[in-house]
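Protein chains: 2
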Amino acid sequence: MKVEKIPDGQVISRTPFPASRKVFVKGQLHDIEVAMREISLSETKIHNGFGLTEKNPSVTVYDTSGPYTDPNAHIDVKSGLPRIRENWVTGRGDVEKLDQITSAYGAQRLADPSLDQLRFAFQHQPYRAKAGQNVSQMHYARKGIITPEMEYIAIRENQRIELWNKEQGEQAEAMSHQHPGNSFGANTPKEFITPEFVRQEVACGRAVIPSNINHPESEPMIIGRNFLVKINANIGNSAVTSSIEEEVEKAVWACRWGADTIMDLSTGKNIHETREWIIRNSPVPIGTVPIYQALEKVNGKAEDLTWELFRDTLIEQAEQGVDYFTIHAGVLLRYIPLTAKRITGIVSRGGSIMAKWCLAHHQESFLYTHFEEICEIMKAYDVAFSLGDGLRPGCLADANDAAQFAELETLGELTKIAWKHDVQTIIEGPGHVPMHLIKANMEKQLEHCGEAPFYTLGPLTTDIAPGYDHITSAIGAAMIGWYGTAMLCYVTPKEHLGLPNKKDVKDGVITYKIAAHAADLAKGHPGAQYRDNALSKARFEFRWEDQFNLSLDPDTAKEFHDETLPADGAKIAHFCSMCGPNFCSMKITQDVREYAAKQGLDEADALAKGMKEKSREFTEKGSEIYL
Amino acid sequence: MKVEKIPDGQVISRTPFPASRKVFVKGQLHDIEVAMREISLSETKIHNGFGLTEKNPSVTVYDTSGPYTDPNAHIDVKSGLPRIRENWVTGRGDVEKLDQITSAYGAQRLADPSLDQLRFAFQHQPYRAKAGQNVSQMHYARKGIITPEMEYIAIRENQRIELWNKEQGEQAEAMSHQHPGNSFGANTPKEFITPEFVRQEVACGRAVIPSNINHPESEPMIIGRNFLVKINANIGNSAVTSSIEEEVEKAVWACRWGADTIMDLSTGKNIHETREWIIRNSPVPIGTVPIYQALEKVNGKAEDLTWELFRDTLIEQAEQGVDYFTIHAGVLLRYIPLTAKRITGIVSRGGSIMAKWCLAHHQESFLYTHFEEICEIMKAYDVAFSLGDGLRPGCLADANDAAQFAELETLGELTKIAWKHDVQTIIEGPGHVPMHLIKANMEKQLEHCGEAPFYTLGPLTTDIAPGYDHITSAIGAAMIGWYGTAMLCYVTPKEHLGLPNKKDVKDGVITYKIAAHAADLAKGHPGAQYRDNALSKARFEFRWEDQFNLSLDPDTAKEFHDETLPADGAKIAHFCSMCGPNFCSMKITQDVREYAAKQGLDEADALAKGMKEKSREFTEKGSEIYL
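Chains as they are written, first to last, in the numbering used here: chain A, 4 to 630; chain B, 4 to 630.
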């Protein structure tokens, strides 16, 4: 497939999407501008001999690519993205700007002159909640406050569907048609998402807004079963150390194609500095697994990990602006023997590290014993929990076993503790699960975790296709997304085999956008089907460019089409490149409709009444269609 | 991705699969040899300090690649494959060898000397049922006869699972573990498929054995909801006319990666001759859409089609050996207006052609009015019906509408007529359907068509990803396969955009093998999970080569792994290329087990009892694991 070409010397992908422009929708409650992508479409030619045309209204879609795809935006990775949320954060009057980084490790790195050339140019002093304050979105929601973040999200989730019916005219009925969904008891609004609805969902813990006060560059987004299904892309620095700009590009590249959040799983010496660059330049929330960095600090000796070291690592990352932490606090000593008879044992890295610590110390892990202290840190910066499933199954045979579900129940207990502190919480899920056992995972999660958002890795529905696990897992991801999972962690073709390259990351992201969107359609998210309808209409009318531009990956769609019919003429040709002129069924159906139009008849009437005339007409110039 | 390298001058792909050999299992009722693929595995090293190893039994898998992957087989496309079924056919005493081709068109082509260099070298005289005889497998099944085809299929579907438990020894329990499936009322046997069970399923019409008496080269296979889910790959000659060998290679290539049947959708001047080459060299059943060729015979003027011309085309292709015909006999005049308000109208080529004919003549199509005469032809050669869904939806918006389900009911009526003649029948299905509306398709098909095998195209679960429709459709295909669909027609990445190349065909086939296998696992087909278990065990034990060899696409799995860790040493390295030594969770879990082994303890006991010692051991040589 095509590897995107980036102009020489330009490391950061900035090419705008074809026929698209950024639009900024103003808020009504707050002074905010919600960035979206508007795709303009060409006109439909009405083949009635009078050269009439019909306008096709533009389609507005959810856009995760940030300012990078806006030609009017000035981008300089050294200064970072605009800090759009900073005034909102300070405006609430419950935060203080710290004179200095308060984590020992962070301070030590800052003091090291040998890192000067690595360090992000402009050092922002971190914010923290004033003593006794709680700055989590959940805390505000429970106090009845609709924050700018909440209004931003409401507008963003609606994708301007209110415009569509207005502009449609005659096509309104067909174009706005959407099959009623089945959302398994989720109470998604039928018409629009309102700011108040966002507040209610966050207040009850059914949705999470990852929004560290130290990551004001991120565009607010929400994770919850009553909202659009989101996807996460994992990035990590490669063994061959690449430049800072290349590290930033990995995040930009993933967001460009649709990643709603990024997890930075980098390892090695300079992850502190690399993370700073990524956060400062990321328009989407950033998640991490702090235990990875903690392990590096003890040279990989799991048993040497301590609460104090881990605590300092949490503060270090919280003050950089990490929006959510994966924490494997559910791996209890007594659960570990339950994995002994598994085919693949423990496959979660964090889970293995904590299992090893528990076995080495013969104690419950500090993640579990110090959980309330962790909550205190989370609410001081509004970092959300992503409670890790350290005992998830690593193969179909181990799916839905005692170890997995025992941990899930513990995650449910921890969720209630987090909520006691108004700390936002997500629950992580599997993994490898055959199709018929997927639903049980969703049902148990809802049961034990009080509808806290579920965040799953796939699940993979078979183990026999290494090299294609983006596909084996997209099947499970689409299904569990439909059942109620709020965010899907992508899997790339390299899963189980190696480190993903740029093409793998794009393949993983696009594949997961497909799974997430398929789930939105099945759940019946308001307006979810509109883009499908618009693309299908373009397809039927042979508006090739519109088809490409409405697709998740316009570059690949256009490239594949051009392989067969490279000429520009072909893109307005009235037959599809698949069938050729003699065989294009869509063309044949069009002829029937044009006939109706010429007769000035309703299509159904035309088809019913006009058959005899059509029979004569066909005999007269029967072969016309195919010439 | 990798494009398979074929040795210079060799057009036909013949490279055997790694660590694999052909095995031939003898029948007990009949003198037959069932070809399968046996994958041998390396030993497991038990890390107890004594250098002990443990044997891993070989895994036998279903093999559609025919003699091409057997290094002992002599292949000459000019003489075709061995005619393994010819004696079975003649042995039944109910067929006659015709002196000459009985279709006018076939005779005309044969008489044309300008075609001599195109024509398949060795002309076989066609077989036909003796007057008054019915040679369909359904007819034999209903008479209580277990044919060699039926026994072949029973042995083939079992994949020698009877061996596994024997050879497993200690691992038997874990390795033979399979989650009980949910097959939605299909009565799949729990243990083995028996020849008698095959007969019963064919007799009641719930399964079909496509096996034209004039295609004795094909290895018997079955399509039914109580058997392994099958996949079909479409091939067609490209506009740029390629050599005969290249046309044959397309079929060989698709079978190599797992196509259970091939549909030849070629068009143009020499399809008669091309088809002969493909059939003579195809180890899997061949399907066609005869109306395509009929349309060519009238220069693409649908309204000029006649019953006589179509009838001659059926005989022409039946005498060449086509195993199943897609026939769109359900497109009735009164259904056509039901498509008028659709976004994409009629998208089936055959459906459009017949709709056009109906409108032009203001009559029901000859496919419908002459259906019983068609049955007479089918049973004289044992060609199976694949009743085409000419009114299937072409976009999500049109899914499950009145036109689609009206046609489905008519297909149900036609099925009963076909069964009256003991003619084997499959029903074709959609298309484009959102996830939550897929099940209704399966349920209505079962209801209206008396459990005749369902054969669907995907369905695609969203319209917004042209370029990735193998994935949008694999999601729907896996689900509908689980619900009971017997065969899945593949979709390639080029769907809606252009003609698939070799890489697209492979991507489509592998993607559909994934969907079909995921469905087998969810239905609980006997032994379906064994290959997953074996691959997972290899993964846990870092037996990289075994992982590659057990996968659906060993070449790509190995290539992806080598991109990150090219050294051969890496393939036995005790860490996974994804995580690296510090982070490999599987390695950490292994250490726990090795510890148990060293203590000579049961793993669970070891984990429970041994923690204190382990704690000390870890402190002593804690960092060992990571060095």
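Among the clues, some could well be false.
Same chains, same label: a pair holds when it works inside one copy or across any pair of copies.
Okay, derived cross-link-like pairs now, PhoX-like style, lysine-lysine, Cα gap no bigger than 20 Å in a straight line [what the hints assert, rightly or not]:
no., residue 1, residue 2
1, K419, K81
2, K100, K133
3, K344, K447
4, K58, K344
5, K48, K506
6, K48, K344
7, K48, K272
8, K304, K344
9, K442, K272
10, K146, K25
11, K505, K423
12, K58, K48
13, K505, K304
Quick caveat, the hints were computed from the structure, so don't treat them as lab data.
Everything numeric in this text was worked out from a predicted model, so none of it was measured.
Evaluated hints:
| no. | hint | in the structure |
| --- | --- | --- |
| 1 | K419 to K81 | neither (41 Å within a copy, 73 Å between copies) |
| 2 | K100 to K133 | within (9 Å within a copy, 95 Å between copies) |
| 3 | K344 to K447 | neither (23 Å within a copy, 43 Å between copies) |
| 4 | K58 to K344 | between (64 Å within a copy, 19 Å between copies) |
| 5 | K48 to K506 | neither (37 Å within a copy, 36 Å between copies) |
| 6 | K48 to K344 | between (66 Å within a copy, 18 Å between copies) |
| 7 | K48 to K272 | neither (60 Å within a copy, 34 Å between copies) |
| 8 | K304 to K344 | neither (25 Å within a copy, 67 Å between copies) |
| 9 | K442 to K272 | neither (41 Å within a copy, 52 Å between copies) |
| 10 | K146 to K25 | neither (34 Å within a copy, 70 Å between copies) |
| 11 | K505 to K423 | neither (42 Å within a copy, 58 Å between copies) |
| 12 | K58 to K48 | within (9 Å within a copy, 69 Å between copies) |
| 13 | K505 to K304 | neither (32 Å within a copy, 49 Å between copies) |
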